[in-house]
Amino acid sequence: MLEQIARVLLWLSLGEIAAKSSLWPLPAPVTGLILLYAELAIRGRLPDDLGILADRLLQFLGMLFVPAGVGVIAYLDVFKTEATPILAAVIGGTAITLFVTMVVVNRLGRTIAISREPGSERVEGAARDVNA
Amino acid sequence: MSTLDLTNLTWVSLADQPILETGATVFAFLAATRISRLGGNHPLLNPTLLAIVLISLGLEATHIPYKTYLRGADPIHFMLGPAVVLLAVPLFRQRAVIRASARLIAVGLGVGLPVGVLSAVGIAWVMGARSQTILSLAPKSVTAGIAVGISEQIGGLQTLTIVLVIMTGITGAVLGPLIARLARIDDPRVVGLTMGIASHGIGTARALQINEVAGAFSGLGMGLNGVLTAILLPLIFQLF
Chain G
1 MLEQIARVLL WLSLGEIAAK SSLWPLPAPV TGLILLYAEL AIRGRLPDDL
51 GILADRLLQF LGMLFVPAGV GVIAYLDVFK TEATPILAAV IGGTAITLFV
101 TMVVVNRLGR TIAISREPGS ERVEGAARDV NA
Chain Y
1 MSTLDLTNLT WVSLADQPIL ETGATVFAFL AATRISRLGG NHPLLNPTLL
51 AIVLISLGLE ATHIPYKTYL RGADPIHFML GPAVVLLAVP LFRQRAVIRA
101 SARLIAVGLG VGLPVGVLSA VGIAWVMGAR SQTILSLAPK SVTAGIAVGI
151 SEQIGGLQTL TIVLVIMTGI TGAVLGPLIA RLARIDDPRV VGLTMGIASH
201 GIGTARALQI NEVAGAFSGL GMGLNGVLTA ILLPLIFQLF
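Each protein sequence line maps, in turn, to chains G and Y. Following the numbering used here, the numbering of the first sequence begins with 1 at its first residue and continues without gaps. Following the numbering used here, the numbering of the second sequence begins with 1 at its first residue and continues without gaps.
Because the hints were derived from the structure by calculation, they are not lab data. Each residue gets a CB set at the ideal place from its N, CA and C atoms; glycine is no exception. Mixed in with the good hints, there may be bad ones.
[Unchecked claim] Covered, in the sense of this in silico footprint (three residues per stretch, anywhere, with C-beta under 8 Å from a C-beta of chain G), are these stretches of chain Y: (1) 47-56; (2) 79-88; (3) 120-130; (4) 135-147; (5) 183-196; (6) 221-227.
Given only the sequences and the hints, what does the whole structure look like? Please build it.
Now the structure itself:
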């Protein structure tokens, strides 16, 4: 397990070093993600411990946003003056993005799912969870 | 007297260490998860949102400034980096599905990225927001780590962008499953991908609750959208 933690920190550190140079535009975690994926793709298999580590940490990914998220309320006074356009842009814009993207992608997804997709049973099973 | 001193000492050492804030955050999220489960995992009972409300009420009650809390909760904030790296794991597990859906993903990004930026910028502009606010809004769908960098490059306010990114994430996590139901879309690839593109990590955390397919596509949508927006947005804003 420690080996896997070291692996994650290694790729993250390399991402951080890359981010220090002005030529590399991506933040460290994104570079780390790409590097880890590349390593796994080259190896062709996922170490068991790494899978367990990912499952455990990603299970509470939502918690990791809480400290930054509390800033929403702490900074509320700062942009109270523009609350209406901000809320309209965030909520309205996100709703438009979700709806338009889902509808357009679903049109294409359906045609692909019909033409091929032997694993569609699993997708359908998962779909039930979405509606649950 | 000596007991009192000891209590004070313990309190001081606790206040110096990040244990209190970190512990409070974990406890708040645990409580939020319980509340959410009691409410049948209703989208409005988003655990992240509930935990944020609980912590904010706690800070309000104890008069602890936000900056003190943020410093104390640093270990949790730190884990965000490794967590983003570990998103490579669900991506790798779902690589066959992802490869079979390359066109779907390309269309998702081709639609979701520009619509995400233009809808936010457009609405704010029409409603008369200041240009700095509009610039801070532009990368709102991108994961916080990347969005801050983009905001700085195009002349937005970093603090405002962080807040807007979190708001967008919660909005997407809450609205994503609702809009999917409204549009009668039940393909977890479509729902996950869209939630990742529109609402980054918080949307991905919600998508992971749906199932691993949705989570993998959400992580992919978030990652690719973040990378592409980081490259494209500063280039586009340079033209103006």
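Hints breached by this structure = Those not satisfied: there are none.
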